[in-house]
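Sequences are here, hints too, so could you generate the full structure?
Residue numbers for the sequence shown follow full-length UniProt numbering, beginning at 1 and rising by one.
Just so you know, the hints here were simulated from the structure itself, not pulled from any lab data. The model shown is predicted, which means the values in this text are computed figures rather than measured ones. A couple of the hints might just be wrong.
[What the hints assert, rightly or not] Mimicking EDC-like on lysine to aspartate or glutamate, the simulated pairs with C-alpha atoms at most 16 angstroms apart in a straight line are:
hint, residue 1, residue 2
1, 521, 496
2, 543, 529
3, 393, 418
4, 419, 496
5, 417, 484
6, 253, 279
7, 510, 484
8, 474, 496
9, 393, 406
10, 179, 299
11, 260, 318
12, 205, 246
13, 389, 418
14, 474, 299
15, 187, 249
16, 525, 463
17, 512, 476
18, 447, 298
19, 439, 270
20, 253, 269
21, 419, 396
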Amino acid sequence: MGLLAPLLRPFRRPATSAQSAAPLPTAVQSSINTTDININKHKQKTKAEGRWFQTLRLPLRRTGGVQTVKVTSDHYLGFTPTDSGYASKNSSESNVTAVTLVNPATATSPPTTSASSPTTAASLPAASTSPPASSGSDTPTLVDSSTSAINETSSTKPKSAKDVAALPPVIIAAGTELKRTLGSLVKAAINYECPKAINTINYIKLLQALAVRQFDLNIHWDPPIVWNDQAFLLSQVSGVGQDWIDRFEFAQKLYALTEKQLVHPEDMEDLVNWLFAEDESNLLPSIVGRLVINNLVDEGCLTRAEGNRLAALALTIEEVKDCGQVVERGNMPPQEKASGVFRQLPLLPGEDRTRALLRLSEAAAYCVSEHAGGVWYGLRYRDARTDIKKYIKACEGAEQGYVRPELVKYARTWTEKEKRILQRSQLVMELLDRWDAGKINDFGVIKYTRNSFFQFYHQPRGDQETLAGILYNKVEGSGIDCEEVPRIVALLPCYDKCRALGGQPWIDLKSKLVAELMEHKQINKQLIEEHKAAKKAYKAYIKGPGKKDAAASKKKAAKPFDPYA
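Below you can see the structure in the form of structure tokens.
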């Protein structure tokens with residue numbers, strides 16, 4: 001009967017305003033979201049430990065819905081309900097028997113404040129010490145006899161430091177303080193791997209998933225969340241706050257892809273530093289970060305939507321300079337500004353034309369017009385791939401002695417260095433076209449080839465000693481033939497001088513590349529033979545050693561018996 005007594009005891013009406021004490025301070029009233037509290041209290045002891053839980057149905061004043069909270073004796077959002085208020089998880093007062101919740105308007109004594117923490121000390125209303133009288137108000141208040149005696153004795157004593165420390169924190173308002181709180185929460189989880197921060201973020205994600213389900217059921221649900229003695233509501237985690245949660249999820253995904261060896265560790269570190277930069281030196285240029293993201297999208301590690309979201313979540317210089325104060329992205333100036341638009345290459349040879357041709361080739365190789373807004377080194381390219389293909393066709397036509405009329409304006413008298421740039425661009429364009437057509441399955445071939453030809457910051461590349469080995473390792477199942485590797489290696493910029501000299505040095509280089517190709521073919525042939533032998537041995541092992549002898553003995557036993565033999 002002791003456990004059912006709180007359920008059978010009727011609700012009582014609160015005292016009138018004349019009989020009640022002075023109203024609570026504004027800080028207390030702002031920290032309480034409910035005025036009408038209906039409690040359906042239930043206690044149940046577990047078999048292993050004598051713990052209990054309560055189910056509280058709290059009508060919300062702002063939304064008009066009902067919030068159902070399951071309170072255990074161990075924790076309630078980081079705090080434990082006790083007879084005198086709330087105690088932290090480290091407190092020894094975990095085996096309590098009841099909770100008294102009183103309407104703030106019916107408190108009989110004003111709350112005492114502490115000099116050390118006036119706001120938090122005032123955030124808990126005092127319990128009623130006398131039976132409330134009837135009035136015209138319909139607000140019910142539950143008064144439990146099991147705790148009324150304790151409240152009567154404790155209300156006459158001043159609050160101790162332990163009671164003040166046990167009070168729950170006040171919910172902070174939305175704004176810069178909330179943004180910095182969420183930022184510190186996510187950075188503690190990423191930079192320091194704080195278990196408490198990681199659990200809090202996972203808890204927020206779980207509540208968001210439950211909130212979507214509650215919204216489908218037309219139930220308004222807005223639970224509080226506590227971090228570093230600061231509390232905020234679930235509804236406040238939106239906009240910029242949700243960006244911090246998404247950054248944490250992307251960092252976790254990048255870590256998982258790196259462990260599976262699908263993402264290079266340097267790319268992972270660059271992107272994580274881009275998302276959680278502490279100073280300007282950790283920020284990547286937007287074009288570099290975009291290229292790294294495009295590589296992950298092309299390799300199938302991220303979807304196109306995830307890549308766009310990841311690029312949008314990157315921190316900017318304005319956000320880092322303001323020490324965590326997030327700048328609204330709609331009000332920020334663009335970081336990449338174009339000083340002009342590319343129209344055509346200069347007609348006269350010189351360093352300016354060679355540099356312009358190199359920038360056009362880089363913009364086409366890295367697909368700047370498709371993924372990076374078309375801006376490359378301050379110049380906007382409308383369609384770099386189409387432009388470079390026209391210059392290549394005009395160069396081929398000039399060597400053959402005929403240039404088509406529509407390509408006359410793209411014809412130039414090219415130098416040997418410019419021809420080598422056009423040949424590299426032609427090879428990269430062929431690889432990209434085959435990739436778009438689905439004939440190449442490994443984007444790493446294109447990634448290593450184009451950055452070996454047109455070196456760019458934070459992009460993987462190979463030199464004359466390593467590029468051939470990288471490409472030969474990627475030949476199997478990638479869609480390229482091993483016969484193409486010598487042509488790719490011969491177009492490296494380090495061999496431009498050798499090609500310009502010609503003669504015996506160029507012949508020696510081609511002989512060296514052909515010898516490497518034949519060696520690779522021999523090794524590949526040997527590996528195929530070993531693979532076939534291992535496969536044959538495995539089939540023999542699966543078949544079993546005694547089956548052949550059993551079949552022979554069976555044939556021998558099938559012969560007729562001859563007693564005169």
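Hint check results:
1. 521 <-> 496: violated (27 angstroms)
2. 543 <-> 529: Violated, at roughly 21 angstroms.
3. 393 <-> 418: Within the cut-off at roughly 14 angstroms; holds.
4. 419 <-> 496: holds (10 angstroms)
5. 417 <-> 484: violated (22 angstroms)
6. 253 <-> 279: With Cα atoms ~24 angstroms apart, residue 253 and residue 279 exceed 16 angstroms; violated.
7. 510 <-> 484: Since the Cα atoms of residue 510 and residue 484 sit roughly 13 angstroms apart, the hinted pair holds (cutoff 16 angstroms).
8. 474 <-> 496: violated (25 angstroms)
9. 393 <-> 406: Distance of about 11 angstroms is within 16 angstroms: holds.
10. 179 <-> 299: The hint is violated at about 34 angstroms.
11. 260 <-> 318: violated (35 angstroms)
12. 205 <-> 246: holds (10 angstroms)
13. 389 <-> 418: With a Cα-Cα distance of about 14 angstroms, the restraint between residue 389 and residue 418 holds, given a limit of 16 angstroms.
14. 474 <-> 299: holds (14 angstroms)
15. 187 <-> 249: OK: residue 187 and residue 249 at ~12 angstroms, within 16 angstroms.
16. 525 <-> 463: Given that 16 angstroms is the threshold and the Cα spacing comes to 26 angstroms, the pair is violated.
17. 512 <-> 476: Measuring from Cα to Cα gives roughly 22 angstroms; hence the hint is violated.
18. 447 <-> 298: holds (10 angstroms)
19. 439 <-> 270: violated (31 angstroms)
20. 253 <-> 269: Measuring from Cα to Cα gives roughly 13 angstroms; hence the hint holds.
21. 419 <-> 396: Holds, because 10 angstroms separates the two Cα atoms, which is no more than 16 angstroms.
Violated hints, listed in ascending order, are 1, 2, 5, 6, 8, 10, 11, 16, 17, 19; each of the other numbered hints is respected by the structure.
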